[in-house]
Every structure is written in structure tokens, then in C-alpha cells.
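Protein chains: 2
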Amino acid sequence: MTAHIHDLATADGRRLSPYCWAAKLALAHKGVSFETTPTRFIDIPSIGGGGFRTVPVTELGADRIGDSFDLALKLEEAHPDRPALFAGPGGVALTRFVGAHMAHVMGKIARVIAVDICAALDRENQTYFRTSREKMLGGRLEDVAADRAGGVAAVKDALKPLRIMLRGQPFIGGEDPFFADFLFAGVVQWTKIVGTVDFLEGEQAIADWFGRIEARYGAVLRATRG
Amino acid sequence: MTAHIHDLATADGRRLSPYCWAAKLALAHKGVSFETTPTRFIDIPSIGGGGFRTVPVTELGADRIGDSFDLALKLEEAHPDRPALFAGPGGVALTRFVGAHMAHVMGKIARVIAVDICAALDRENQTYFRTSREKMLGGRLEDVAADRAGGVAAVKDALKPLRIMLRGQPFIGGEDPFFADFLFAGVVQWTKIVGTVDFLEGEQAIADWFGRIEARYGAVLRATRG
Numbered sequence: 045m046t047a048h049i050h051d052l053a054t055a056d057g058r059r060l061s062p063y064c065w066a067a068k069l070a071l072a073h074k075g076v077s078f079e080t081t082p083t084r085f086i087d088i089p090s091i092g093g094g095g096f097r098t099v100p101v102t103e104l105g106a107d108r109i110g111d112s113f114d115l116a117l118k119l120e121e122a123h124p125d126r127p128a129l130f131a132g133p134g135g136v137a138l139t140r141f142v143g144a145h146m147a148h149v150m151g152k153i154a155r156v157i158a159v160d161i162c163a164a165l166d167r168e169n170q171t172y173f174r175t176s177r178e179k180m181l182g183g184r185l186e187d188v189a190a191d192r193a194g195g196v197a198a199v200k201d202a203l204k205p206l207r208i209m210l211r212g213q214p215f216i217g218g219e220d221p222f223f224a225d226f227l228f229a230g231v232v233q234w235t236k237i238v239g240t241v242d243f244l245e246g247e248q249a250i251a252d253w254f255g256r257i258e259a260r261y262g263a264v265l266r267a268t269r270g
Numbered sequence: 045m046t047a048h049i050h051d052l053a054t055a056d057g058r059r060l061s062p063y064c065w066a067a068k069l070a071l072a073h074k075g076v077s078f079e080t081t082p083t084r085f086i087d088i089p090s091i092g093g094g095g096f097r098t099v100p101v102t103e104l105g106a107d108r109i110g111d112s113f114d115l116a117l118k119l120e121e122a123h124p125d126r127p128a129l130f131a132g133p134g135g136v137a138l139t140r141f142v143g144a145h146m147a148h149v150m151g152k153i154a155r156v157i158a159v160d161i162c163a164a165l166d167r168e169n170q171t172y173f174r175t176s177r178e179k180m181l182g183g184r185l186e187d188v189a190a191d192r193a194g195g196v197a198a199v200k201d202a203l204k205p206l207r208i209m210l211r212g213q214p215f216i217g218g219e220d221p222f223f224a225d226f227l228f229a230g231v232v233q234w235t236k237i238v239g240t241v242d243f244l245e246g247e248q249a250i251a252d253w254f255g256r257i258e259a260r261y262g263a264v265l266r267a268t269r270g
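Protein chains in written order, with this note's numbering: chain A, 45 to 270; chain B, 45 to 270.
Think of the hints as simulated: they come from the structure by calculation, not from any bench. Some hints here could point you the wrong way.
Identical copies go unnamed one by one, so any copy, or any two together, can satisfy a pair.
Claimed, not checked - Here are the simulated DSBU-like cross-link-like pairs (lysine-lysine), alpha carbons at most 35 Å apart as the crow flies: (1) Lys179 / Lys74; (2) Lys152 / Lys179; (3) Lys118 / Lys204.
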């Protein structure tokens, strides 16, 4: 069975969404092959005839799944014999906390790079993106990004728990990566795809951890245009 | 078997340490009774003839355990049939992340209330506390605490992942509390014991979660002087 992902893309086809990257890494972790369709922000509401508001939307057998966490849960249920994404209900609950932390970090990164993401979209998508993100971030993209040094410092402060934890173990999942790792790896990949700020500068422990993800899933991460 | 905890205390006997509270909640969760000895900062190096630098130090049968996380691991191993603290090795790994996040939040709270904690110690302990904490926090306790509103805002920002997560489930552990919950509950209890700043003001979701912990472990949390 090959999964199919509607995968958020910039005007030049670069795959953008942290959550889409997390989904692709989760599929690879479970040994499920996948294809992708580049999808623009304004095309999301038409996927599968409508009803979806965010990506990834993943077609997996008869299912159409509109959330990366739900996809990971389905994969874990379908393939309990393959490498774990959660390792039990306790792992699912705790991964919700990591996911909340990842969203918190993402919000801080967005303040710095939303203006750069906007520049990488076509005109129609720029209008949608600017309107929705300025509402979300509470100001003009240019104004929110004006204090770049302050914005980067806030991101680095929010990364401290990941940095501390990596002193003691190679992955958030312990000896092997879990879906929690893929959530954060998706965020790092997102910043690399946008490419305007290197948030891992001076972050050796986090860079080394991302290197360990790349060592396992390099083929997935190198497919930056699908 | 009754455990014995060397439990950090202020000059008037109030039990202070977030990690001691986490240890006591973990013992109660596993149905292990315990006694405590109030212990001052400067007495920690003499516990059990020396060798310990932090509390809690817990005597459990033939073991003397110098770390709350290690205690929780021992309890889980000894009582796999009782309510879970981690629910498997994946849960242990992910709880390390929550623990790192809890330490991150604690550091931000310490900036605001370390000066108040200092005031609650006797003269000898004040000297130790001031010297060690001013080195840790990078300035005079009074200076670090000067911008109280800014300090509280930084704490509330760092609590965002917990706040987001609690929209979806009653405990960090899911339907029941895990050691991850007790780590954060210890921090809340610490701020209540110091009693100078109400960090849960306007934090209904977190206050409700702490209320659920109190509903289960009220007797433990009410024993503020052991």
C-alpha cells in the first residue's frame, strides 16, 4: 500500500509544512511508501472534495486523514510490529505535551520567518497567507519580524528543554526516534526549507540530534521538492 | 515498607522543594507510605554520611536514592501492578523531555521568587542560598526580581505548552497522572508554599489540572510542614 500526501508547497514547489514533514517521517519510520502532490495554501479547502482546513491530508488505503498526529496513531495501530511511534497509550499522552511544545516553538519561529515564507508564495497565496498570519501573529509580517535578534533569542530560549534533554539521550524517544522526534524534526526542516535564518547556529546538541534523524531518513528529507 | 524522605524545609519548617513534592506524590501514587525529616540546604551534604548534593534523598528499603526521577523509576520497577508512573520505556524517555521543560519553567520562576525564598531561610542558609543562586541566576537576587511583571510574563509564556495540552486531556499522562504530572505539580506546590506570587492567576486550565491532582493527593499536598 502506498500512501498519498497532499503536501504544502511554495510557488517553486519546495515542500514547506512542518506537519507534512512529520507525517512523511512517520510513514518512513513504519516502512510505508508514499507519493506526494504539491498543494498550495488556497487549494487545501478543495482537497478530496472539501472538509479539510490544514495539511497534511493523507490518503491511506480507504482512509483520508486530515492530521499528522491522527496519521501517526493509525500507523501505530496498523503496524504494531514495526518500530514504535508512541510505544503505548502513555507515550501517546506524553507526545501530546511534546506536540504542544513544538507548536509553541513554531509560533516563535513564525514571528521571525513568516515574512520570508510570504515572499516564497505566488500572488494569490500571498494574499491568503498575509491575511491569516497577520491575524494570528497580531501585526504586519514586516513589523513582527523587525526585531530579528530578539525573535531568534526567543526561539532559542524556547528550545532549552530540547537542548537539556539531549544531554541524557540521543532522541526524544530515547534510543530511537518517536513521533515526538518527527514533530520537532519537521520544524527544523521547515526552517531549512525557508532558508533565511539558521536557528541551529550555536545549537550543537540539537544539530547533532537532527543529524541522527538525517542519518536514518536522509532520503525523505532530501526530497525537498517531493 | 515505609519510605523516608529528607525533605527540604524553610526556617519555619515549610516543605519547599519541587522535586521533594514530586517524590512524595510518586510514592503516594504507588501506595507506598512515607515519613519525612525537615532538612535545610546546608544539611544536604551530611545526609546519610555524605555524597548527596540535592534533595530529595529517599531511603527505600536498603536503597538510598538521591534523585526524584531515579526514585520514580525504582517505584515503577518494584510495583508494575500499581498505577503507572511512566507506562513503559517510551514513557520514561518522553518524561525526560517533560522534566527538562519543568526545569526550564522552574528557572524562570526562580528569577521572580528566589529573593522571597531567601527571606524564608535562617541566617546560615541565607548565606549559602544567596551565594549559590546569585551565581546560578547571574545577578543579585533583588536585581533579578526587580522586573516582577516581566518575570511573571516569562513564566506564563513558558507555561503555554502545558496550557495548550490541557485542552485535550485531563493529565499530562492522559486519563490519569504520571510522574510527568507530579514534576509540574511539584513546581506549582513550590510557588504556593513560598506564597508571594500567584502564578496560576488567570491560568484556569492549569489551576483546574492542579485541582485534579489535589482531589487525588490532597492529604500529601496539605502536609506543608511534613
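- Quick one: Lys179 to Lys74, C-alpha cut-off 35 Å, is that within a copy, between copies, both, or neither? neither (37 Å within a copy, 47 Å between copies)
- Query: Between Lys152 and Lys179, at a C-alpha cutoff of 35 Å, which is it: within one copy, between copies, both, or neither?
  - Reply: Classified as both: same-chain Cα gap 15 Å, cross-chain 29 Å, threshold 35 Å.
- Is it within a copy, between copies, both, or neither that the alpha carbon of Lys118 lies no farther than 35 Å from that of Lys204? both (31 Å within a copy, 28 Å between copies)
This entry does not satisfy hint 1, going by the numbered hints stated previously; all others are met.
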